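J.: Note that the protein sequences, when read in sequence, are chains D and X. Per the working numbering, the first sequence starts with residue 1, numbered consecutively. Per the working numbering, the second sequence starts with residue 239, numbered consecutively.
Note that these hints are calculated values from the structure, not bench results. Incorrect hints may have been included.
Within a straight-line C-alpha distance of at most 20 Å, the following computed DMTMM-like cross-link-like pairs (lysine to aspartate or glutamate) qualify [said to hold, decoys possible]: (1) K88(D) to D121(D); (2) K127(D) to E32(D); (3) K453(X) to E29(D); (4) K172(D) to E407(X); (5) K172(D) to D414(X); (6) K127(D) to E403(X); (7) K68(D) to E487(X); (8) K172(D) to E403(X); (9) K453(X) to E23(D).
Under 10 Å between C-beta atoms, here's a sample of chain X residues computed to sit facing chain D [said to hold, decoys possible]: (10) H264; (11) Y404; (12) E407; (13) M441; (14) T450; (15) K453; (16) F455; (17) D457; (18) A478; (19) S482; (20) R488.
Bear in mind that the values here come from a model prediction, so they are computed numbers and not experimental data. Glycine is no exception: its CB is placed at the ideal position from the N, C-alpha and C atoms.
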Amino acid sequence: MAGISEDLTNQAVIMGEPTRLEEAVEFAENPEPRCPCVLLLDTSGSMKGEAIEALNRGLQTFRENLAKDPLASRRVEVAIVSFDNEVKVIQDFVTADQLEPPVLAAQGQTFMGGGIQKALDLLQARKAQYRANGVAYYRPWVFMITDGEPQGEPDHIVRQAAQRLQADEANKRVAFFAVGVENANMERLREIVVRTPVKLVGLNFIEMFVWLSRSMEAVAQSRPDEQVALPPPGWGTI
Amino acid sequence: MSACKPPGAALEPGWRVAAASVRGRHHRLTGQPCQDAVLWQILPGHALAVALADGAGSAPFGEVGAHLAVRTAIGELAGSGPVPGHWPGLDAWESRLRSALAAGRAAVCEEAARRGDPPRDLATTLIVAVVSHQGAIAAQVGDGGVVILDEDGQWAALSLAPPGEYLNETVFLTSDSALDSIHAQSRTGRVRQLAMFSDGLQMVALRMPMGTPHKPFFDPLFRFARATGDPTALVEQLAAFLESPRLTERADDDLTLVLALRTD
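With the hints as constraints, model all of the structure from the sequences given.
T.: Below, the structure written as structure tokens:
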């Protein structure tokens with residue numbers, strides 16, 4: 001046990017140098033953990049006008065939101081995939097602070113099934129890169145922003161994408177959010193994705209980062225209702 | 239200050255122990271309380287028992303589960319403590335630690351039932367460790383870790399969670415598979431210092447992915463603890479360190495750190 005005189009001496013030391021401890025402690029240099037996120041964006045003709053403008057504004061908000069959060073801006077890695085008559089990787093993975101949101105134009109049909117497949121492929125490849133480089137990571141997210149109407153693809157392509165998505169959600173490979181803009185067909189979206197679709201209006205991406213990075217149960221849930229975690233209120237309406 | 243109730247510090251026969259627990263940035267944003275809990279007790283024979291629980295951020299009452307878990311586990315270990323001068327074999331201790339985890343799980347599940355909530359609403363991790371002159375042993379369900387400094391001045395991980403695929407996903411005491419997922423580790427030989435921490439500190443305190451203790455992280459903390467005889471000052475400084483911007487820029491979770499050092 002420490003003696004009284006020793007106590008007094010040490011208190012004096014502490015009061016004299018209040019920040020000594022935090023300055024003295026060094027942190028381990030580990031690669032920043034990453035949270036891969038694909039923005040899967042509908043750029044079809046039906047998005048023309050208000051919807052594509054809302055989407056472009058949404059991208060700016062997404063970037064601004066994440067940039068405000070020092071951890072999110074370093075940890076969230078964003079890739080952007082667009083789908084209309086073709087599926088394109090507009091932006092490969094970059095950290096949120098490096099993201100330059102593109103300005104999108106709307107044209108053509110809605111190859112949503114192909115888009116979903118591409119997003120899931122990108123995530124799979126990214127996770128393999130993290131593993132190869134010893135980078136810790138969070139469960140990946142996809143935000144599919146759309147007016148909710150696959151078009152121009154054979155039905156089985158959309159069905160296969162929906163099936164893969166359901167399997168990937170059940171196996172915790174991804175958290176896939178469908179986000180509807182303007183007059184999105186939420187009914188049709190519900191048929192394709194697992195989680196309840198949300199509206200883009202009022203969407204707060206920081207709340208979403210906070211919500212998605214809470215500590216969670218790692219074991220796959222046995223009850224299907226537990227796979228469909230809903231965001232907290234204040235996220236935009238269903 | 240967003241510190242939780244500081245768990246405090248004490249000069250116990252043979253040990254100086256200090257623990258601090260602070261609310262993470264995410265919990266401040268969402269208005270959630272600090273969901274970590276920590277408790278320790280000196281057992282007969284100058285053995286030290288420590289328990290730390292990290293309530294799940296995704297559980298609405300994770301902090302209830304966490305506090306109940308540490309109280310139950312320490313109660314269980316104190317009730318089955320060694321008689322002075324007698325250190326049970328490590329196998330015997332392992333079974334006691336497993337019983338403490340099982341008791342923690344049972345208490346949390348019972349509390350959930352009493353409240354009419356599903357057990358996962360009280361989800362928490364739980365780490366327990368016991369150290370005496372002859373050895374150290376730790377057992378855990380979920381993430382967080384325990385590191386020790388041995389008699390030769392070498393830091394080593396005593397117990398760390400086996401890594402899962404995703405950083406923020408782990409096994410909880412309330413999980414169906416909890417008791418099958420217990421990770422227990424022991425080592426013989428005298429331990430000079432022990433640190434136990436919640437998973438929020440992992441990326442700054444350990445070199446990943448090997449999980450080896452980062453000496454420049456722990457050494458200054460223990461030098462400070464050894465030099466600081468006033469328990470109140472020690473805990474205040476520890477909490478201030480856990481809340482310092484340098485650290486919260488790197489970790490947004492609730493943070494709990496226990497430092498225990500031998501004084502005999």
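J.: Is K68(D) within 20 Å of E487(X), Cα to Cα?
T.: holds, 12 Å
J.: Hint M441(X) vs chain D: min CB-CB distance below 10 Å?
T.: It holds, given that the least Cβ distance between M441(X) and chain D is near 5 Å, below 10 Å.
J.: Holds or violated: K172(D) and D414(X), Cα atoms, limit 20 Å.
T.: holds, 17 Å
J.: Take the shortest C-beta to C-beta distance between H264(X) and chain D; is it under 10 Å?
T.: holds, 5 Å
J.: Quickly compare the C-alpha distance for K172(D) and E407(X) to 20 Å and report which way the hint goes.
T.: It holds: about 10 Å lies between the C-alpha atoms, which stays within 20 Å.
J.: Hint check: K88(D) vs D121(D), CA-CA at most 20 Å. Holds or violated?
T.: holds, 13 Å
J.: How about D457(X): closest beta carbon in chain D under 10 Å, or not?
T.: Holds, because the Cβ-Cβ distance from D457(X) to chain D comes to roughly 9 Å (cut-off 10 Å).
J.: Take the shortest C-beta to C-beta distance between A478(X) and chain D; is it under 10 Å?
T.: holds, 7 Å
J.: Given the hinted pair K453(X) and E23(D), is their alpha-carbon gap at most 20 Å?
T.: holds, 15 Å
J.: Interface hint check: K453(X), Cβ to nearest Cβ on chain D, cutoff 10 Å. Holds or violated?
T.: Status holds, d = 9 Å.
J.: Is it true that the CA of K172(D) sits at most 20 Å from the CA of E403(X)?
T.: Holds, because 10 Å separates the two Cα atoms, which is no more than 20 Å.
J.: Using 10 Å as the Cβ threshold, decide whether S482(X) counts as touching chain D.
T.: Holds: closest Cβ of chain D sits about 4 Å from S482(X), inside 10 Å.
In summary, this structure violates none of the numbered hints.
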